[in-house]
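S.K.: From just these sequences and the hints, can you work out the full model?
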Amino acid sequence: MDIKWNTSLLDLKNLIGISRGDPDQILKYLEQFQKLIPPRLAQLQQGLGKKDREMIRKIVHQMSPQLQFFGIEGIGTTITRLEFEYETLPMEELEDLVKHLIINLESALLEIVRIIRTYFK
Amino acid sequence: MSLKRIRSLIIDDDPFIHNLLRDKLQQHIPQVEVVATANSGEEGLQAIEHFKPEVIFLDVEMPDMTGFEMLQKLNAIPFQIIFITSYRHYAIKAIRFNALDYLTKPIDLGELKNAIKRCRAKLGNASENNPLKQALINLKTKNAADQTLILHTQEGSLHIQLSQIIRIEGERNYSRIYLVNQKKKIASKTLKDLEEILDDKGFFRCHKSHLINARHILAYPTRYSLMLSDQTLIPVARRKREAFRDWHDRMVDNPVKTLTQ
Numbered sequence: 521m522d523i524k525w526n527t528s529l530l531d532l533k534n535l536i537g538i539s540r541g542d543p544d545q546i547l548k549y550l551e552q553f554q555k556l557i558p559p560r561l562a563q564l565q566q567g568l569g570k571k572d573r574e575m576i577r578k579i580v581h582q583m584s585p586q587l588q589f590f591g592i593e594g595i596g597t598t599i600t601r602l603e604f605e606y607e608t609l610p611m612e613e614l615e616d617l618v619k620h621l622i623i624n625l626e627s628a629l630l631e632i633v634r635i636i637r638t639y640f641k
Numbered sequence: 012m013s014l015k016r017i018r019s020l021i022i023d024d025d026p027f028i029h030n031l032l033r034d035k036l037q038q039h040i041p042q043v044e045v046v047a048t049a050n051s052g053e054e055g056l057q058a059i060e061h062f063k064p065e066v067i068f069l070d071v072e073m074p075d076m077t078g079f080e081m082l083q084k085l086n087a088i089p090f091q092i093i094f095i096t097s098y099r100h101y102a103i104k105a106i107r108f109n110a111l112d113y114l115t116k117p118i119d120l121g122e123l124k125n126a127i128k129r130c131r132a133k134l135g136n137a138s139e140n141n142p143l144k145q146a147l148i149n150l151k152t153k154n155a156a157d158q159t160l161i162l163h164t165q166e167g168s169l170h171i172q173l174s175q176i177i178r179i180e181g182e183r184n185y186s187r188i189y190l191v192n193q194k195k196k197i198a199s200k201t202l203k204d205l206e207e208i209l210d211d212k213g214f215f216r217c218h219k220s221h222l223i224n225a226r227h228i229l230a231y232p233t234r235y236s237l238m239l240s241d242q243t244l245i246p247v248a249r250r251k252r253e254a255f256r257d258w259h260d261r262m263v264d265n266p267v268k269t270l271t272q
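For the protein sequence lines, the chains are Y and V, in the order given.
Sequential numbering of the first sequence, starting at 521, is according to our numbering.
Sequential numbering of the second sequence, starting at 12, is according to our numbering.
Be aware that a few hints might be false.
As the list claims (entries may be wrong) - Calculated Cβ distances over 12 angstroms to all of chain Y for the following chain V residues:
1) Q38
2) F90
3) R250
What the hints assert, rightly or not - Think about it this way: if two alpha-carbon atoms lie no more than 20 angstroms apart in a straight line, the pair counts; the simulated DMTMM-like pairs of lysine to aspartate or glutamate are:
4) V:K84 / V:D119
5) Y:K578 / V:D75
6) Y:K570 / Y:E551
7) Y:K533 / V:D119
8) Y:K578 / V:D204
9) Y:K548 / V:D34
10) Y:K555 / V:D24
Please keep in mind that the hints were generated in silico from the structure rather than gathered at the bench.
Think of the CB as a built atom: it goes at the ideal place given N, C-alpha and C, for glycine as much as any other residue.
M.R.: Written out as structure tokens, the structure is:
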């Protein structure tokens, strides 16, 4: 599969590397992102509502490898801070970081949906 | 020559890691067969019982228990373990202190190949699980001085109780470990590597070439040097003096006992 990927938020070089151009493999990872991220975003919202720092850290920690794999633009520092400064960040700043992450991941999700629709359906 | 197949099990709460690891193994190390995956420590225990794997890829942090807690529930560990963790996870220190194999997420192919190579060499040799057994003992040992540092050397594994280490001297790519009773060991780790795994266990880098054990400080006669239990005088670097004094005061007031692994 030789596609000129038109992405603004995602860097798909890891995906292309692991799938070796096999469309079924590419789709498997894209669909997994589409499946796993929304419930985690909902959990993040819950954590935010409860002001539960540990819950937020756990969700971010769990998502982090997949987000790194998809090379999502502009969230590296946010993830690092949420994972490692979650105990000491002022609550307001923590909330801002979580909201920033959610907004970016929702955009990334839209991009994934668009890629699936454009190239696979 | 075809390599023997290895039966492996992946225990991680992230399905993405299951996919990624399985695909990387299939593509690059097909001799390692993934016989099952598990999403939690509890599922992992059942899968171990059922599939009897030879190698387990084990997530350090899972929702129901840590990887170490899962291992502590087993009567025997007749398999090799490769831990999976993120690079800056708090457990990485414990893993390195105990010289255990690990991969960082998302999985790096070079790290994976090297870990499998080391596992293959250890398979079938029960004594090769000693670092893991020692790691589980270390985790239960509250007093840092009683913990045992494990280092791999060309001659095999080196096990050194922390209370026995007086100081460590760095020499480019290796370090000389000075022990009580005038014994000395060489480790193929830099002083920086050792500092990273020992700095919360009562050790302090007081000079670019010296890492010292608080338990062996006999005297702090001047601002520029300190005397250790083997009668050596170790310099304290100018830029480390203040940090050393603070650390030394803390150690005197509150010696390291409990460790976070």
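S.K.: If a hint holds in the structure, say so; if it does not, say that too.
M.R.: Hints, one by one, checked against the model:
{"no.": "1", "hint": "Q38", "result": "7 angstroms, violated"}
{"no.": "2", "hint": "F90", "result": "24 angstroms, holds"}
{"no.": "3", "hint": "R250", "result": "26 angstroms, holds"}
{"no.": "4", "hint": "V:K84 / V:D119", "result": "29 angstroms, violated"}
{"no.": "5", "hint": "Y:K578 / V:D75", "result": "12 angstroms, holds"}
{"no.": "6", "hint": "Y:K570 / Y:E551", "result": "30 angstroms, violated"}
{"no.": "7", "hint": "Y:K533 / V:D119", "result": "14 angstroms, holds"}
{"no.": "8", "hint": "Y:K578 / V:D204", "result": "28 angstroms, violated"}
{"no.": "9", "hint": "Y:K548 / V:D34", "result": "11 angstroms, holds"}
{"no.": "10", "hint": "Y:K555 / V:D24", "result": "15 angstroms, holds"}
The structure does not agree with the numbered hints 1, 4, 6, 8 stated previously, though it agrees with the rest.
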